[in-house]
Structures are given as C-alpha cells and as structure tokens.
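Undergrad: Sequence:
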Amino acid sequence: MNLLVCGPRGLYRPVGLVLLMVQLGCAGLSLPRALLTDGLSASTFPDAGAVVLEDEATLEFRVMQVPNVKPATKRLVAVLDHRRRMKILRETGLAQANVRMPVDGFTTVLRVVGRSVAPDGSETWMSPRSLHLVDRKEVDARAPEVVDLNFEIPGAQVGGLVEYRYERVFLDPALVPVYLFGAAIPVVHSELGIVTDPEVKLDYRFG
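If you read the sequence shown in our numbering, its first letter stands for residue 1, the second for the next number, and so on.
For the record, the hints were derived by calculation from the structure and aren't laboratory data. Check the hints yourself; a few may be wrong.
Now the in silico label distances, taken between C-beta atoms and shown as ranges [as the list claims (entries may be wrong)]:
{"no.": "1", "residue 1": "K70", "residue 2": "R33", "range": "38 to 48 Å"}
{"no.": "2", "residue 1": "G155", "residue 2": "G105", "range": "32 to 42 Å"}
{"no.": "3", "residue 1": "P32", "residue 2": "K70", "range": "34 to 44 Å"}
{"no.": "4", "residue 1": "T73", "residue 2": "P177", "range": "37 to 47 Å"}
{"no.": "5", "residue 1": "S41", "residue 2": "A183", "range": "14 to 24 Å"}
{"no.": "6", "residue 1": "D203", "residue 2": "V63", "range": "29 to 39 Å"}
{"no.": "7", "residue 1": "K201", "residue 2": "D47", "range": "38 to 48 Å"}
{"no.": "8", "residue 1": "P119", "residue 2": "P198", "range": "38 to 48 Å"}
No experiment lies behind these values; they were computed from the predicted model shown. The beta carbon of each residue, even a glycine, is placed where N, CA and C say it ideally should be.
Work the whole structure out from these sequences, hints included.
TA: So, in structure tokens, the structure goes:
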C-alpha cells in the first residue's frame, strides 16, 4: 500500500516506520474554509455525540499508471476523493476524531489530510506520524491481508469541527464498495459525484 500524507507544510511519505517529507506539495488535496456558523447545537440532536455536516465524495474512473508495478502498466482504475466534516456536540462525539478505514492489496491510499477547528476558530492539523496500520486478524481471520489505516485528528473539542479528506485508488473498479449515504451518527448533507471518460461504459447500480 502506498501512502502520502498532506500536512500544513507539504506532503509526507511513510518509509517503514520513518516518515520523510517529500517536496511535492499537496497536489490539490486541501480542505475548504471552515465555518462555525451552522447553527447546530447539542439540542438539535439530543441523542448524538457528533453530527456529519458534509460528507462529499467524487468517484472517478480513469486510465492511469498503476503504482509500484513493473514494467509500467496503465489500466482503468477508480479514484475516490472523499471529504467528511463533523461537528462535535458532546464529549462522546470526540471519538469521531479517531478514524479507521480498511485497506488491502487492491487499494492504494495516495493522500490523507485532516484537521480540527476549535470553537474559537483556531486550527490543529494532523501530523503524518498519526497514521498507523492496524492488523485486523483479530476482527476477521478469513482476510488476513486486510488491515486498517488508523489515524487520529488532534485538538478535537466539543463545539468544534473535525474534518478529513483522502484519495484512494481501487486497482479493480469492480471492487469499489457501495457508497453509503449515511453513518452511525446523523448526517446533514451527503453527496456522491461520478466522473468517467465518455468511452467508458459504467453501470453503478447495486443489486
């Protein structure tokens, strides 16, 4: 699995257990301006610790060179650009700052960026050292090759925001999971855009 991590000073690449900065910039992977004037409070969602304000993703099917494959090979892949912004309503919602996503040999996570925004507007960006691969054997012994990419966004506070964005490449478009317009916590806005070359015939219906 490849991984590039965006931070406020540039782009980072993990090499073994050491994280080295590479001078590439974040290549367009950024987060929009954070606004704390959404009007939502704990009383709006009395049973929730946090709420998803924006859950936006773009799934693009395109031909690209496959990373770490020799000789150089181009193929049709699916690239998911996913951004999620949450507001922390109560102490129980602070757990949303800890994110886990499954990855396997057919998936490449190219970039990750994350931050928290305090109620006073101050921002805390996630360090690339916050990312770890966690073994899932204790969860599902039938798929030992699957691991979790785990990262924690620092500085989360009640009344503030937690936001992250990542770019993920599926080397086999048939293995793209179903996109869920919802979560374990309330979702205010969720959308999925699909982009594909005119020559590519795509049927994204499930079932």
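Undergrad: Should the hint that P119 and P198 are 38 to 48 Å apart at their CB atoms be regarded as holding?
TA: Roughly 47 Å apart at Cβ, these two residues keep to the hinted range, so it holds.
Undergrad: Measuring from beta carbon to beta carbon, are G155 and G105 in 32 to 42 Å?
TA: holds (34 Å)
Undergrad: Mind checking the hinted window 38 to 48 Å against the Cβ distance between K70 and R33?
TA: holds (42 Å)
Undergrad: Confirm or reject the claim that K201 and D47 have a C-beta distance inside 38 to 48 Å.
TA: holds (44 Å)
Undergrad: Evaluate the given range 14 to 24 Å for the C-beta pair formed by S41 and A183.
TA: At roughly 19 Å between Cβ atoms, A183 and S41 fall inside 14 to 24 Å, so the hint holds.
Undergrad: Confirm or reject the claim that T73 and P177 have a C-beta distance inside 37 to 47 Å.
TA: violated (24 Å)
Undergrad: Given a hint of 29 to 39 Å, does the C-beta separation of D203 and V63 actually sit inside it?
TA: Because 18 Å falls outside the window, the suggested range is violated.
Undergrad: With 34 to 44 Å as the target window, see if P32 and K70 comply at their CB atoms.
TA: With Cβ atoms ~38 Å apart, the hint holds.
In this structure, the earlier hints numbered 4, 6 are contradicted, and the remaining ones agree with it.
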